[in-house]
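Colleague: Here are the chains, one letter per residue:
There are 4 protein chains.
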Amino acid sequence: MNFQSLRQECYEANMQLPKLGLVLYTFGNVSCIDRKEGVIAIKPSGIDYEALHPEDIVIVDLDGKVADGALRPSSDTNTHLELYRAFSSVGGIVHTHSTFAVAWAQAKRDVPIYGTTHADHLTVDIPCTDFMPDKRIQNYETETGRQIIDCFFKLHLAPAEVPMVLVAGHGPFAWGPTAAKAVYNARILEELCKMAFLTESINPETPRIKNSLVQKHYLRKHGKNAYYGQKG
Amino acid sequence: MNFQSLRQECYEANMQLPKLGLVLYTFGNVSCIDRKEGVIAIKPSGIDYEALHPEDIVIVDLDGKVADGALRPSSDTNTHLELYRAFSSVGGIVHTHSTFAVAWAQAKRDVPIYGTTHADHLTVDIPCTDFMPDKRIQNYETETGRQIIDCFFKLHLAPAEVPMVLVAGHGPFAWGPTAAKAVYNARILEELCKMAFLTESINPETPRIKNSLVQKHYLRKHGKNAYYGQKG
Amino acid sequence: MNFQSLRQECYEANMQLPKLGLVLYTFGNVSCIDRKEGVIAIKPSGIDYEALHPEDIVIVDLDGKVADGALRPSSDTNTHLELYRAFSSVGGIVHTHSTFAVAWAQAKRDVPIYGTTHADHLTVDIPCTDFMPDKRIQNYETETGRQIIDCFFKLHLAPAEVPMVLVAGHGPFAWGPTAAKAVYNARILEELCKMAFLTESINPETPRIKNSLVQKHYLRKHGKNAYYGQKG
Amino acid sequence: MNFQSLRQECYEANMQLPKLGLVLYTFGNVSCIDRKEGVIAIKPSGIDYEALHPEDIVIVDLDGKVADGALRPSSDTNTHLELYRAFSSVGGIVHTHSTFAVAWAQAKRDVPIYGTTHADHLTVDIPCTDFMPDKRIQNYETETGRQIIDCFFKLHLAPAEVPMVLVAGHGPFAWGPTAAKAVYNARILEELCKMAFLTESINPETPRIKNSLVQKHYLRKHGKNAYYGQKG
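So the sequences go chain by chain: A, B, C and D. Numbering-wise (our numbering), the first sequence opens with residue 1 and increments by one. Numbering-wise (our numbering), the second sequence opens with residue 1 and increments by one. Numbering-wise (our numbering), the third sequence opens with residue 1 and increments by one. Numbering-wise (our numbering), the fourth sequence opens with residue 1 and increments by one.
Chain A with its partners taken away, still in its complex shape (with noise of 0.2 Å):
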């Protein structure tokens, strides 16, 4: 096993970040995970994106040991690997410190369904996790996980329709079926808190769209009635 292809699909998927202004320097990291060797590539920590190459990219099987790779994986990584457990349909994850998606995210709160271009990728707002208690911060990568986890749970949502969440005072974490695929809710993700933000400046009693508009728009893209994009 090299493992290439995993990496390749990692390693492209990391480099969208930079290209797509959704980190700075070393900030950020995506994850892909084969369900069926029990591995996860991901990036390794702290190298620049400039810097990196494929081969760089660091196989991690699913109790968090280095399966294969010269390097340290993302620190974050537990956090993916707690994602993975909980969330069976997920095939890719991505953290980024985007600008906007930080500053809903330091503001601790849900963002707002305020329009269609929200309710084409989600049919919620996109929840913000509680603050972390200290007694879980001692463990804090795989606390942040559960955080999400926890969040889900608590107010019913499935990961497979809801790809995105806020982690209080912290940021976004974004997922998906593939690694491609969570790197494009991630830049969904930041534009719809941008939008969000500019629609309170402009009108602070902005109300949610209404429930009827919502399911509309999500089944255009969603589901078996889908009737977006090009057939199979």
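Please keep in mind that the hints were generated in silico from the structure rather than gathered at the bench. Treat the numbers as computed from the prediction; the structure is a model and nothing was measured. Wrong hints could be hidden among the right ones.
Computed beta-carbon distance windows for the label pairs [claimed, not checked]:
(1) A:Ser89 <-> B:Lys19: 28 to 38 Å
(2) B:Leu62 <-> C:Gly64: 45 to 55 Å
(3) C:Lys231 <-> D:Ser5: 25 to 35 Å
Quick reminder that beta carbons are idealized off the backbone N, C-alpha and C, glycines included.
Got chain A sorted already, so can you dock chains B, C and D onto it with the hints?
Modeller: Same frame as chain A, now just chains B, C and D:
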């Protein structure tokens, strides 16, 4: 008929959208009409701009049937068709989710005419439609067109003089005599939305500019005594 | 006379406007004057920057008649001429619709001198003219120049020391000893407008910086004891 | 001695400023120190970045006299020297007029520690100095350094742990063990200022993140148990 020049006009106008920063990923679409042939050319649904070729542009007749082309047309095709039928002066239409225009549409506010940059292009506030009643959502795209038409009818607006609109909770549409001019108007709309947002932030009591100045600026660029630009 | 060097100076300064993000499409114009020959060079009206060539620049005499060139001069030519006549130290003038400067002009507010970036360039608030009275609108462009001149007269401002102004409801003009320096001042103006907007958002009670600091900063860069930059 | 490597370090760090969007025109300057030789290298005053070459960098001794180089050093040289004398751990210093940092400096506010992006880099609010009293303005650049030093003394801050500051009414300074690290800190500072501005706009009641989380995040990247990045 191979509709080559119509496809080319449509293709080039679509390719301006990412270049002008008006769209992310597959968002947005431009169409143009050949009224003599009774067809429109429109972007295929869900195709990335960097993967788009002139021959991918779909030719659709005025009943919404594909007349030529291998791909599915934009899911917004029926909105375009509804507008072409009602607005006989229109030769090209564009729909985007550009950031500031979406923010005003989500805030469900007309964009006040605060200055001459606005008056150079239209003499009234940029109108925002009502929210769509539930009973209309079934035929969503056609009804989106009708929302716009109703809005123009109610406000006594002429589409040749007001080449842009915000659909409440959704986003902007713009049009013009050609696809290129429609895209120009979409870019101007985004800038006017940004300027109005900033203007209100700097002075929440900003009045609209008075009509005498509006008329002067508009007539510098439009009508038989226009003196902006080069002669015929 | 073929005015080649005057045209070249004007052309190069105009080409800076899109590069510096100060204009969209055909917006904006730069001129420069040859006071000995009694002519100015100015951008032709309604021409895209990417289609502009040095030989397209129009030479206009001080009465507003085209002295050389095949194209129509900018529709704002009479504003430029009015300013050149009144402000004898000015060698180049620029007009843009840059976003933040337009927002302050639409908000009809002077830009308060909040910091040393501002004081490095001028020692007073950036002035904003009054709205134009209806009776003046007939000769709009000439009267725009007079609005600026009246504003400077009323506030006892010297154009050599205050090289920028906002025209209420319209947008910015800037000038300098050369066309290049005028464009520099237009870019600085846009940045000062953005900084002041953000400053007020962060602290609505921000005071102006005190005059002792204003004078110190201004005199670092201007006057006989200036010590910024390289010697003569 | 030709100071070639010191000049090269200084040159490369200066050239990052326009690339990172932290400066306009000739604004800003970076220096670095060779403490063994008792000299610093610093950008020459008023030179455009695109015209800058490594050999233009000026070598100045710790009394402020030019030790090598044909050009005048930055007018801010005495501020740099004052900081090098007081902050013995510092190897490089940068001054910019970056937009969001200037806005906070003009608003004369410390930047509150609202999230982990901030805590990854420092554990306290980014300090803002007092306004300079009139009697100090005579020796403006030296006194700017002293304002910063007084501020750190008063707040019991260690420059090695708090590598950035805002000078009230003026703008940011940042530093680090090398010129490159100083520029990194200046870029982070600008991002933290933008994020904090947005955070307060989204939720004016946003609390600071609690100290337990601050410490955890800071110690992930700093100190002997740091586990971010690659080993030695």
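Colleague: What hints, given by number in increasing order, does this structure fail?
Modeller: Per hint list: zero violations.
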